[in-house]
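Asks: Construct the complete structure from the given sequences, taking the supplied hints into account.
Listed in order, the protein sequences are those of chains A and B. Quick note on the numbering used here: the first sequence kicks off at -11 and runs consecutively. Quick note on the numbering used here: the second sequence kicks off at -11 and runs consecutively.
What you were told as hints is all true, and nothing was included just to trick you.
Note: identical chains are not told apart, hence a pair may lie in one copy or across any two.
Derived pair list, reagent style SDA-like, types lysine to any residue, alpha-carbon separation capped at 25 Å:
| no. | residue 1 | residue 2 |
| --- | --- | --- |
| 1 | Lys16 | Ala264 |
| 2 | Lys137 | Thr303 |
| 3 | Lys148 | Ala264 |
| 4 | Lys315 | Ala27 |
| 5 | Lys137 | Thr304 |
Source of the hints: derived by calculation from the structure; they are not laboratory data. Remember, it's a predicted structure, so these values are computed and weren't measured experimentally.
2 protein chains.
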Amino acid sequence: MIRYAVALLSVSCLFASSALAQDDLLAKAKQQFEPIPTAPPDLPGNVATPGKVELGKMLYFDPRLSASHAISCSSCHSIGLGGADAEPTSIGHRWQRGGRNAPTVLNAVFNKVQFWDGRAKDLEQQAGGPMANPVEMASPTTHVAEQLKGIPGYGDLFAKAFPGESDPITLANAQKAIAVFEATLITPNGPFDRFLRGEQDALSPTQKAGLAVFMDKGCSACHNGINVGGGMYAPFGVVEKPGAEFLPPADKGRFLVSKTPSDEYVFKVPTLRNVALTAPYFHTGKAWDLRQAVAVMGTSQLGTQLTDDEINKITTFLDSLTGEQPKVTYPILPPSVASTPRPQP
Amino acid sequence: MIRYAVALLSVSCLFASSALAQDDLLAKAKQQFEPIPTAPPDLPGNVATPGKVELGKMLYFDPRLSASHAISCSSCHSIGLGGADAEPTSIGHRWQRGGRNAPTVLNAVFNKVQFWDGRAKDLEQQAGGPMANPVEMASPTTHVAEQLKGIPGYGDLFAKAFPGESDPITLANAQKAIAVFEATLITPNGPFDRFLRGEQDALSPTQKAGLAVFMDKGCSACHNGINVGGGMYAPFGVVEKPGAEFLPPADKGRFLVSKTPSDEYVFKVPTLRNVALTAPYFHTGKAWDLRQAVAVMGTSQLGTQLTDDEINKITTFLDSLTGEQPKVTYPILPPSVASTPRPQP
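Replies: Structural data, given as structure tokens:
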């Protein structure tokens, strides 16, 4: 009888200590992360009206913004594939390969800067890049407005989205519209968001253990904030350079933008939101296995050989970063007419 | 006063005669055309359950069915672009060009046969073609099921769509699912459908005049039925062969399937449903102007030099064949995992 009481006491202590640890974990997590808001954020200087968002969606899906009329934003940033594509690096104009893995468009609005090297300050600036890039959509910047003006249905749509402007069909306005649409592509209410809002059971015990490892080992020194990443730059190989497969010498990352020697092999820390949906990984897209990517991060960024158990826990935690995926109705695009500029062969 | 009465009488006679002519037009049209049903038709031997339709939608949008993992059914049959693409002939694997203009998927379920040469009897059979075609998706037929089995999320989806089957992930079942999804891509309630249901004002006076010309000149001898086409074969150039631009000698059409000499340069009469959305035209996709396409049809098929006024009226009538476009929510696809077969370079 006494032994039984002791046993009960122990169990009760265990519960109390576990509850305390849970509260600690949540408190610690709240210091480092934020849940994804449930409504799209405002973009400075670019008010999101329904007409502008709808126009942006059309442009996002319109392949006629590319020289070939076959590639749209959606080609490499598919809403069905975690906002990215299923390629190491994307296939662009005339089957050329892009230089780096297509980052997800989902929650990109919460990144501090855009592109792997941060060469665009926001979504609006980013949207102009791939359209003009000769290995991506290959549309001369001077041609985009001309193309859109050649599709009569866009006239009213731009006029409504940009009221009071005498010549609303411009590349700059197309970028603004695309940006407000992209800002709607957020994935709130994932298990981790619900946990951060105090729903202790939203994470499984293994996911909680993984979160603890993720913070204890230092992953969250870089992967933090709303996007569990996306907020800073870091050298790839801060402790130990990974092999050339993952870090080919020719791509010096942020250095190509800043020309600052300390920026050699520095890249934007990518968001880990929905990371389970967006293989392959790294700027090279050469890591197809999330477990492998986690292991490489351990050695190259933290100087730690993570154990199989730690890797398991971390990747199970990363699954909790998959949120509610956007519900997007496929837009019906204004048709081409006889005078619409034609695709380049 | 007498002159006034006579004038009134004349006006009243004019109304009566016009009303009679309208009733005649509708009666004549009803003999040749049918409105698009408002619900998807059943496919023989392929019951459309919600789970199968949803699976079919996923497969339709999944680029991992192609060798490159970059091309899906949707790439060339975009729901945003009238169910087709904006190309003369589509861009496929490694930027190869398809041999013929991509036909619209919208209302394709109402075509008697599929492809320009009728080489598939239905949507289910058709769906297998582009996947395996080396210039389109270039996925070996033996590989499709292997690829899908390598994406764990598809397991449950196929099991639900094909209950009771021990090995439901097969190419044949993928084709069935795609077909039932495609059967939902119908565009009912266009002006012409509403007219056929007795709503006289659904067509403008010019559209009615165009419909009359369309029937009187003989266009509807081939372009009739639900799909205003899609129900028969016809030689391109039945009266006068068009130029090689529109009818290149190398593509003998249906003859390539049937090997029957009388099938040389015979093609399926395409549907004219939503034709205003699907430039460019003809199996070559070389006619970018619908007016030009109508004129060529006049000379080549009817031996008639249509006047500008007749062409205007016909093309205005053809606008009335644009129906309500499908509302499709972009599907969220099951993610690849480390063991998922990877894209071919």
